[in-house]
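Assemble the whole structure, with the sequences as input and the hints as a guide.
Same order as they appear, the protein sequences are chains A and B. Taking this note's numbering, the leading residue of the first sequence gets 899, the next gets one more, and so forth. Taking this note's numbering, the leading residue of the second sequence gets 2, the next gets one more, and so forth.
Calculated directly from the structure, the hints in this document are not laboratory data. All C-beta atoms, glycine included, are put in the ideal place defined by N, C-alpha and C. None of the hints are false.
With the C-beta cut set under 7 Å, the calculated list includes, among others, these residues of chain B facing chain A: (1) L206; (2) E208; (3) V232.
Label pairs and their calculated CB-CB ranges: (4) A:L1045 / B:T121: 15 to 23 Å; (5) A:N1023 / B:L72: 54 to 62 Å; (6) A:L945 / B:K238: 31 to 39 Å; (7) A:P1062 / B:K144: 53 to 61 Å; (8) A:V1031 / B:F33: 55 to 63 Å.
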Amino acid sequence: MDVWKSQKIISDQCMQGQIGPLRLWLKQADDELRIAVERIEDIKDILETRVFEPIKGSEPEDLDWGRWVVGTNADTIKLMPLTPDRPLVVRPEVPLKIPTNHEALFFVSFPIWVRIVTDKPRQLNLCEVPSVVLSNIWFGDPMSGELCYSLRSRARRKINNSEPSPHRAICPVRIRNSSMRQLDVERFCVHVEHLKIYDGIEKLWTNEISITFKGESEVSQVQYAQSPPSFEPVKNVVSEARIPLKKPLLKKSLSKFKLFSGA
Amino acid sequence: MFAITGINWTNLLTKETITAVIRIAALIAIGFPLLAFISAIAGRAVKKRFTPQASMLVRKGIFYTGSVLLLVSILYQMGFKLTALLGALGIAGIAIGFASQTSVSNIISGLFLISEKPFTVGDIIKVGDTKGTILSIDLLSVKLRTFDNQFIRIPNESLIKNQVTNITRFPIRRLDINVGVAYKENVGKVREVLLDIAIKEPLCLDEPEPIVRFLNFGDSALEFLFAVWCVKDDYLKINTKMMQQIKERFDAENIEIPFPHRSLYTGSVTEPFPIRIVNGQSEDKTKSP
Chain A
899 MDVWKSQKII SDQCMQGQIG PLRLWLKQAD DELRIAVERI EDIKDILETR VFEPIKGSEP
959 EDLDWGRWVV GTNADTIKLM PLTPDRPLVV RPEVPLKIPT NHEALFFVSF PIWVRIVTDK
1019 PRQLNLCEVP SVVLSNIWFG DPMSGELCYS LRSRARRKIN NSEPSPHRAI CPVRIRNSSM
1079 RQLDVERFCV HVEHLKIYDG IEKLWTNEIS ITFKGESEVS QVQYAQSPPS FEPVKNVVSE
1139 ARIPLKKPLL KKSLSKFKLF SGA
Chain B
2 MFAITGINWT NLLTKETITA VIRIAALIAI GFPLLAFISA IAGRAVKKRF TPQASMLVRK
62 GIFYTGSVLL LVSILYQMGF KLTALLGALG IAGIAIGFAS QTSVSNIISG LFLISEKPFT
122 VGDIIKVGDT KGTILSIDLL SVKLRTFDNQ FIRIPNESLI KNQVTNITRF PIRRLDINVG
182 VAYKENVGKV REVLLDIAIK EPLCLDEPEP IVRFLNFGDS ALEFLFAVWC VKDDYLKINT
242 KMMQQIKERF DAENIEIPFP HRSLYTGSVT EPFPIRIVNG QSEDKTKSP
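This is the structure in structure tokens:
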């Protein structure tokens, strides 16, 4: 997609670009670059993507601008899709049951983060903004769990059903039940910080995750594929993993228990 | 030539005396720096594996024990008899012990606090009416910085004796808000609005789930407990946000937050309250205020 390529900044002009619900505003003056973020709630505009263009008229007054000193010769900017900075707890809208020795493949679509970098004369990371602000959730025990983002998902089983949203990436998650009992998939934790993002023909993809559930009292084995997903031809890696990982992880990634919340 | 004011310096400067002076000088010059070095090394080694309090304890323990041994050695070199010295120290120890009962109690309490670890430096604790962040845990006392930037020293003994609440021990906290609405309001709608406020606030945790409990038929209101979970660092931010959002949403949904009020009746709930105009000539028993 063109929005992920280098884009020219026109000095002393207010410019606007869009990735799904995330609208970005830029303004360069002298050696300073100003960036503002706006989130669109109008459903009609939410699937649009636009490269940076100068706006006609004046910018909205209620924008909350941030300022960066980038130098006078920084005339190119680049947007990079990123995975969220914390794990995601995916909660399927309708829980699914996996019998013993069976596996299920889910396509989890999650909103990406966008990193804004100056591209020329040198790369300078300016900021990272989420395309959608996800709610916090606690995964695990209230005394020792971990803070994640909550993602209500349809956890689709077929890729054709997924709508091509410019601000979302799709993570294939394969869950295998190796325990002696049926597995109720009410929620599962996806450590997206270990995933790369690939540019597909229509969508953004991540590498595949395989979770092997071995029982309530056992930790699950989580494996991150090192190759690109095979569900759609992908062009290249658009962003590396925040925390690269090569060895399989042993983690508690599946949870069907309700956390204690009594008054 | 050394005989000044009756002292025979030649007799004093014997080989033994000079050796003793050299030994004392060596003990002072080498002993104390070496002791400081060893205690620092030991403290650093303990700090890597254990808490800063344990490190401090080891460092001070080594330094003070070593200092006492050095002092005894110096006194021995000076010709003091150790048996007499220890006897004198024993008597002095009893006297000092009586005088420093509180200090000793604080030191022992400090040792318990360090081994039990109910809190660490940086935790926010509440002791009685005092709430603050722990700056240091020392042998005699714990030092706090309150939120209005005051320095408070709490003796260890009182921390052992009294109830101490560690507010930031666990990573997440529950914020409890008591909400009252007018008797005419629909309980289901109130519950729905409150849960919606929690769902729409990203800093409120989705799990553990927010709770709305109908608590009581109060004097002036239907009383609810609205409890949301958040990360401990977001507690104050969430508190302010939730309060503001409850007021704004209740106003938008026409849900009345009643103030305490009392109705007066004169025997019947439907009849108007009778008044009498004192300055005027007439008397009206049917007008209500």
